[in-house]
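So the protein lines, in turn, are chains A and B.
Here this note's numbering is used: the first residue of the first sequence is 35, the next is one more, and so on.
Here this note's numbering is used: the first residue of the second sequence is 35, the next is one more, and so on.
Fair warning: there could be bad hints in the mix.
[Said to hold, decoys possible] Straight-line C-alpha distance at most 20 Å; calculated EDC-like pairs for lysine to aspartate or glutamate: (1) B/K645 to A/E177; (2) B/K640 to A/E177; (3) B/K640 to A/D521; (4) A/K645 to B/E615; (5) B/K645 to B/D559; (6) B/K216 to A/E177; (7) A/K645 to A/D559.
Don't read these hints as lab results, they were simulated from the structure.
There are 2 protein chains.
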Amino acid sequence: MRIWLLVLAFGLIFVRSAIPQTQSALALMPVPASVQMGSGQLLVDPSFSVAITGHTDVRLQRAVDRFLVNLRRQTGMLPLDMKAADSANATLVIRSGSGGKDIPELGEDESYKLDISNSGAKLSAPTTLGVMHGLETFLQLVEINAEGFSVPAVVIEDKPRFPWRGLMIDVSRHFIPIDVLKRNLDGMATVKLNVFHWHLSDNQGFRVESKKSPKLHELGSDGQYYTQDEIRDLIGYAGDRGIRVVPEFDMPGHTTAWFPGYPELASGPGPYSIERQWGIFDPAIDPTQERTYKFLDDLIGEMARLFPDQFFHIGGDEVNGKQWDANPKIQTFMRAHDLKNNQDLQAEFNKRVQQIVSKHGKTTIGWDEVLHPDLPKSVVIQSWRGQDSLAAAAKQGYRGLLSYGYYLDLIWPAARHYAVDPMSGGAANLTPEESARILGGEACMWSEYVSPENIDSRIWPRAAPIAERLWSPQSITDVNSLYQRLDELSRRLDWLGLTHNSSYPLMLRRIAGTEDISSLRVLADVVEPVKDYTREETAMAVPTSATPLNRLVDASRPESATARHFADLVDAFVAGKAAPEAKAEISVLLRQWRDNQAKLQPLLDKSFLLKEVAPLSRDLSALGATGLNALDYLDRGEPAPDAWKVEQLAFIEQAKTQKGQLIIMVAPSVQKLVEASARLAAPSPSK
Amino acid sequence: MRIWLLVLAFGLIFVRSAIPQTQSALALMPVPASVQMGSGQLLVDPSFSVAITGHTDVRLQRAVDRFLVNLRRQTGMLPLDMKAADSANATLVIRSGSGGKDIPELGEDESYKLDISNSGAKLSAPTTLGVMHGLETFLQLVEINAEGFSVPAVVIEDKPRFPWRGLMIDVSRHFIPIDVLKRNLDGMATVKLNVFHWHLSDNQGFRVESKKSPKLHELGSDGQYYTQDEIRDLIGYAGDRGIRVVPEFDMPGHTTAWFPGYPELASGPGPYSIERQWGIFDPAIDPTQERTYKFLDDLIGEMARLFPDQFFHIGGDEVNGKQWDANPKIQTFMRAHDLKNNQDLQAEFNKRVQQIVSKHGKTTIGWDEVLHPDLPKSVVIQSWRGQDSLAAAAKQGYRGLLSYGYYLDLIWPAARHYAVDPMSGGAANLTPEESARILGGEACMWSEYVSPENIDSRIWPRAAPIAERLWSPQSITDVNSLYQRLDELSRRLDWLGLTHNSSYPLMLRRIAGTEDISSLRVLADVVEPVKDYTREETAMAVPTSATPLNRLVDASRPESATARHFADLVDAFVAGKAAPEAKAEISVLLRQWRDNQAKLQPLLDKSFLLKEVAPLSRDLSALGATGLNALDYLDRGEPAPDAWKVEQLAFIEQAKTQKGQLIIMVAPSVQKLVEASARLAAPSPSK
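Extracted from the complex, chain A is given alone in its bound form (with noise of 0.2 Å):
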């Protein structure tokens, strides 16, 4: 029996519920346009074999040659095993309509279809983009059971919702080498991103090999550059995954590193040193020489040849324009040509760089500030802002990307990314053909406090929930689902070499001084690092580029999966919906938190790395005591006494706010357990 189930219109929480047989749902992330059930599975064992039928070529035998490494890997195959095929009686018989081109663009048809059966699969795409995706789809659906390894028998029609879905990383502020960007690739691709956008340039460095201007990368990197062919090689390793690289090359503001090479593109008179703080700062380009231009088209000209994508990023974003209001010449040559005020001036840039991006064959994309009438349409506009902004943008006729809450350094959890739709607020109400100019959107990962060795850990898996916003249909929206297959995609992407999971323990162990770090483990499963800009706000000194992260802050995970399950066991008990093992899941859990800082603190005495971490650890161990009072009151059913409540949820103000920078993300459900066993009596006023 076959069920046809649109979960376009229904979201995977309903394939689980109206499946009634043995059949999981599918742990599929990105969710799939529409997935129809068969029943039965597909063996993969190591007879397992694909063959390719119809168009073929070397792109895409090297996509199913790394298939088949990855399906060997998660299944534990050798090399010997699972082979490609010339044959039709393929276990995975695929057929590609074209190659597609060689370097992806925008807009190529990423189609696919998948039909496994019982005794064979196939998968049909019009391009090798489309046959990547599926095969990207079947890695996902292999799963271990009583009988091998197998996939489910199943009929998955899938497109993507948006046809620009990126993932930006900063290589500027800290250089994140090429071998960490090939696994995120890796990464981006098992989740269908098919954009990497690569800011190459900052205050903090000029990342790229410059043969034209040497001295950017020679006297703007401090050595950490890459040089043009590890550029041309990340392209292809891109484009093989079918992912587009577009360079973003920040200007006229964010330029602090351009100036030690070449001081006589600024406005103001220097002498310049690579930027080594975060923030915003004065230096910019100036706008107002020619030389400038000539400066800018051999750079950008060099740049388009390299980089062959469609697109070229000329940033834009935040010029506080000082060096421009400092400098008598610059302001000479604004009322000359009747600019009224630094935007202008700003505008008067972006047409003339504008012009030289398309001279050398290629179309600007800039963020929010660049919008400006003067602008040809073809500009696309990248917005930090908002979709009220990306609105505005597309009914001037501009296309379009959202990055709003895509921030992936804001360490927010995977369900806020997630409810972030391109399409909502402003651009709710657009007509069909400026919705049209919405072209995704891309997950941003700033590098102010990343280092190659956790830039994987704030990275993924939260960059999934947005490449699921993208890529599935708008319906797609359920957060206990999300969280489901979010594990199952991390656990999947461990195997790609991903450090988001091994770089834990291993960056605990190294703040402990010693191999046991079970206690500390207690402690650092429940923090997260402060949202938004806080670690700015809250630093004891000034952080730089030279700054060490190695502190709790930097080991622990952006959410915790432990606070989420204490939330929902929490949540449950209070609402008495909670089955009787929740209760004593909360209770283990409280006691293990009340005597954990008894258990962490030789620790605590033996590493200045855990100086800062023994607050959290007494107000962990505080929190657990409070709540197992808490739930002594319930108990008893005796409520408890006002002042008691009063004192203790002071208390847990306190422990609310940050320490080390990290905040402790049970003390809210303690809370609630407060709260609860003080309204057993008389419904209290508080909330």
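Based on the hints, put chain B in the right spot on chain A.
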């Protein structure tokens, strides 16, 4: 106050007890020849710098750069921290007498002196090799404490006991890619191993690109071979770490993979295909035809140019002679040349091959079997048979290496390898001149049951005790100290990207098909793979090079730390020497095991890979219950009934047998508890 400590004479455990201050014992591995503790420490913070004075060259500079990379990793610093400096005021000042050979050679001076005080560190050595060793020692000294990362004030004077300290990796039975070898070379450098013996050809694969005889790798490797460029790259990588690379081309047996390409070399009619199974096979090179030697002259010439090391390994082991017996032409040849048996024929072959090796400027090395009076005294014998065989060779004037007792694939505990000394047994009574012929030894990783995924877990950390045996003074034998330092080392090896720890949870999760593997881990933590050659003997189906290595036996660790710890607890307890906490811990562990079967059952039902594990889980559960019963009897001071004891011991005997090629390592300790509980009454006759 400084305390002079001759670790040489007293062993490390003495260091621990002899130093009353907070200074803990140094977790160095291998233990240096001499350690003189100072007082105080040198901080290792972002301002740390290194300068090279005296001789310098690019290899030394690369070694320093690598040292800084590793130091940053260990401390969580960034590339902008910790610099190479020119100044003699650097934190660490290096003085190298001379650069040494570009490619390391046997017998180069490897000594170094490391002098660390509160104010700075000096590392001096006659050669770059010594500097490299000293830098590794420095890295092992770094620890975290309440003040920061630091190294203790200490003077270390160090040099190796043996000049040849090797690790052999068989890349034929399973191909091991270059990146896996590289990380293992990093591990070797950490423990001062200095020879990578690369077992490049065997029945199951010829793994080197040959330009002279390309059908060797084209038809003999399933496409899994190293290009000559890759080999040169690896040799450079090894040389940079002070590691020689000795190639082995095993002949005249172990050559099946040569014959699909060149059947005319074989002694039998063929046809030939790459061997898929394990064992000793009939195919052997025909030593009676001149074209064999022409072919070998070409091949050895080509490989002698490719591999710069002075030594060239020709294997020579395990020729069963069946093809020779069956070939009338060979029999005629033997009669004509007065060769009495196959051993004489092989000796004739070896003599010719040795001449070819010598003609190409290299020194021959071979396994035990090549030893024959016809061979020149320059030949080095690698003994898999034991110290007696080694001593016999030394007495005849041959140099030798010990590998007996160092086979990592036999899955012995670290302590057992550690106890094997090259100078014991027959080698204990050699004259000084004969003793000097014993160059050292090699750990051997034969690869029947390792893949790139789990090979690190078979090599590390168990290669380290062998490395220590070959580097440290003979008197360093304390096993408790060994295991303490091994834990620490294992953690350090994690930073190099070795996967001996990280692969374990990944493989368990694959087996379980889920994220929560806690119950599987309880079981997996107390089992070990069967030892010696039991895996062959107990195989349910004939294992081949295509058999997936994804079972619990492949994931589980060679040595159960939990079982070792439990044994220590039980031994102390039954001897009446245990603290009360020890008894409590015994009880906690037993309960955990007893209750684990119920927790593991859902996973057992869900995974085909866990079917074979179910009986182990039941046994572990029953062992837990048995142990708890025994504790009960002991608690009550009531002797366990004889019938119960007999029944339990019978069960335990059964529980000690392999299931799924795994052994429950806690069974003997549970047996001790049972025996102790029965002894209460009358001393039991059972031991």
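Hint check results:
no., hint, verdict
1, B/K645 to A/E177, "16 Å, holds"
2, B/K640 to A/E177, "10 Å, holds"
3, B/K640 to A/D521, "18 Å, holds"
4, A/K645 to B/E615, "29 Å, violated"
5, B/K645 to B/D559, "18 Å, holds"
6, B/K216 to A/E177, "32 Å, violated"
7, A/K645 to A/D559, "18 Å, holds"
Going through the hint list in order, the structure does not satisfy hints 4, 6.
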